[in-house]
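Protein chains: 2
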Amino acid sequence: MPQDPVITSVTDLASSDAKWVSLKKVEYIDQLGTARSWEIAVRKTTAKSGVDAVAIGNILLHPSKPPSTLLVIQYRPPIGKFTVEWPAGLVDEHESAEQAAIREMKEETGYSCKILDVGPVLASDPGLANATLQLVMMEVQLDEKESMPEQKLDEGELIERVVVPLSELYDRLMNWSKDDKFMVAGKLFFFAAGLHFAKQGNYI
Amino acid sequence: MPQDPVITSVTDLASSDAKWVSLKKVEYIDQLGTARSWEIAVRKTTAKSGVDAVAIGNILLHPSKPPSTLLVIQYRPPIGKFTVEWPAGLVDEHESAEQAAIREMKEETGYSCKILDVGPVLASDPGLANATLQLVMMEVQLDEKESMPEQKLDEGELIERVVVPLSELYDRLMNWSKDDKFMVAGKLFFFAAGLHFAKQGNYI
Chain S
1 MPQDPVITSV TDLASSDAKW VSLKKVEYID QLGTARSWEI AVRKTTAKSG VDAVAIGNIL
61 LHPSKPPSTL LVIQYRPPIG KFTVEWPAGL VDEHESAEQA AIREMKEETG YSCKILDVGP
121 VLASDPGLAN ATLQLVMMEV QLDEKESMPE QKLDEGELIE RVVVPLSELY DRLMNWSKDD
181 KFMVAGKLFF FAAGLHFAKQ GNYI
Chain V
1 MPQDPVITSV TDLASSDAKW VSLKKVEYID QLGTARSWEI AVRKTTAKSG VDAVAIGNIL
61 LHPSKPPSTL LVIQYRPPIG KFTVEWPAGL VDEHESAEQA AIREMKEETG YSCKILDVGP
121 VLASDPGLAN ATLQLVMMEV QLDEKESMPE QKLDEGELIE RVVVPLSELY DRLMNWSKDD
181 KFMVAGKLFF FAAGLHFAKQ GNYI
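Chains as they are written, first to last, in our numbering: chain S, 1 to 204; chain V, 1 to 204.
In case anyone wonders, no lab produced these hints; they're calculated from the structure.
Each residue gets a CB set at the ideal place from its N, CA and C atoms; glycine is no exception.
Treat the hints with care, since some could be wrong.
Chain S is faced by these chain V residues, among others (derived, beta-carbon under 10 Å) [stated by the list, open to error]:
1. 76
2. 77
3. 113
4. 115
5. 116
6. 140
7. 142
8. 144
9. 146
10. 176
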């Protein structure tokens with residue numbers, strides 16, 4: 001990358017001036033009949049397809065290399081760091097999560113895939129926002145000589161791709177976290193922690 | 001529960017009237033030298049301890065029952081459903097994630113624990129917010145006759161606790177998701193997916 005991104009200002013934004021996010025107040029009656037309220041952040045672009053976003057849990061299988069996963073590293077202004085995440089994207093209006101995952105993977109990597117599992121609609125951050133997502137697990141079978149294909153990115157999208165063997169995923173995420181320039185995304189880390197934990201002992 | 005919660009209104013909220021959340025505009029220069037901006041949601045209560053929240057990945061060990069985990073079910077106004085999550089909470093100013101996890105687990109369940117792993121600072125939802133969290137994995141050793149102890153909840157906190165064997169976690173989360181009243185929290189599901197995936201085959 002030619003230079004590190006720099007945040008030049010952080011200013012208050014009136015809801016009415018915001019294009020992408022708004023604040024809402026939810027009034028509700030709780031289980032005991034008490035009137036309460038909650039403040040939430042709402043994306044103005046919330047999908048009409050029933051879910052906002054899809055995360056792509058991908059497994060790359062290669063004839064002579066260990067099973068691996070493709071991660072994306074990109075600058076995220078909300079936290080002012082580079083995040084390490086699985087590829088992800090918003091679900092378009094007439095699309096299923098599965099279709100969105102296949103499309104996004106193709107755009108970000110050029111790979112075609114086989115869907116292994118489509119998870120349920122999940123709450124992304126249920127204390128703060130109404131955002132939802134689905135996890136789509138997919139497998140990509142590579143040929144012996146296959147290398148990384150061309151990306152098809154939108155203008156302004158600067159995404160670096162890194163392939164990590166699954167057996168090293170947890171340790172690699174821990175190592176990235178030691179570098180102040182990077183932050184691992186929560187959901188990817190929780191998946192890695194599940195894998196790591198399953199290998200630890202006689203729990204399951 | 002005496003009655004189901006009901007949302008009675010959802011209204012626009014001016015940033016200046018909000019007590020808990022605000023909107024900010026981040027201006028930044030990207031890697032190619034282009035000036036760009038991003039809209040983000042920011043908690044007004046952001047922790048001074050370096051991380052906002054802690055999630056408690058807990059394992060209950062019992063002499064004659066399978067290794068299990070304690071989940072909490074609570075009504076979440078941002079999504080208008082009951083979520084299924086691991087116990088979690090905000091980290092106080094002079095507290096580490098580890099201390100917060102021990103305190104929260106004690107408050108929500110009464111259990112004392114042994115810390116297994118403290119994860120790095122993670123981005124909760126890096127496209128939308130600056131919120132961060134850490135995953136603390138802990139083990140609770142129960143006696144043969146030990147039952148669920150008294151909770152110590154704040155006023156207005158209505159939290160149901162459910163114990164699920166780890167070997168059934170993924171399937172149970174899938175089943176909850178089929179009931180329109182419930183939504184599983186993303187991070188818990190990703191952990192369960194990691195466990196589930198590790199059991200599937202010869203990937204790792």
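Which numbered hints turn out to be false for this structure? Result: hints 3, 4, 6, 7, 8, 9 break, sorted rising.
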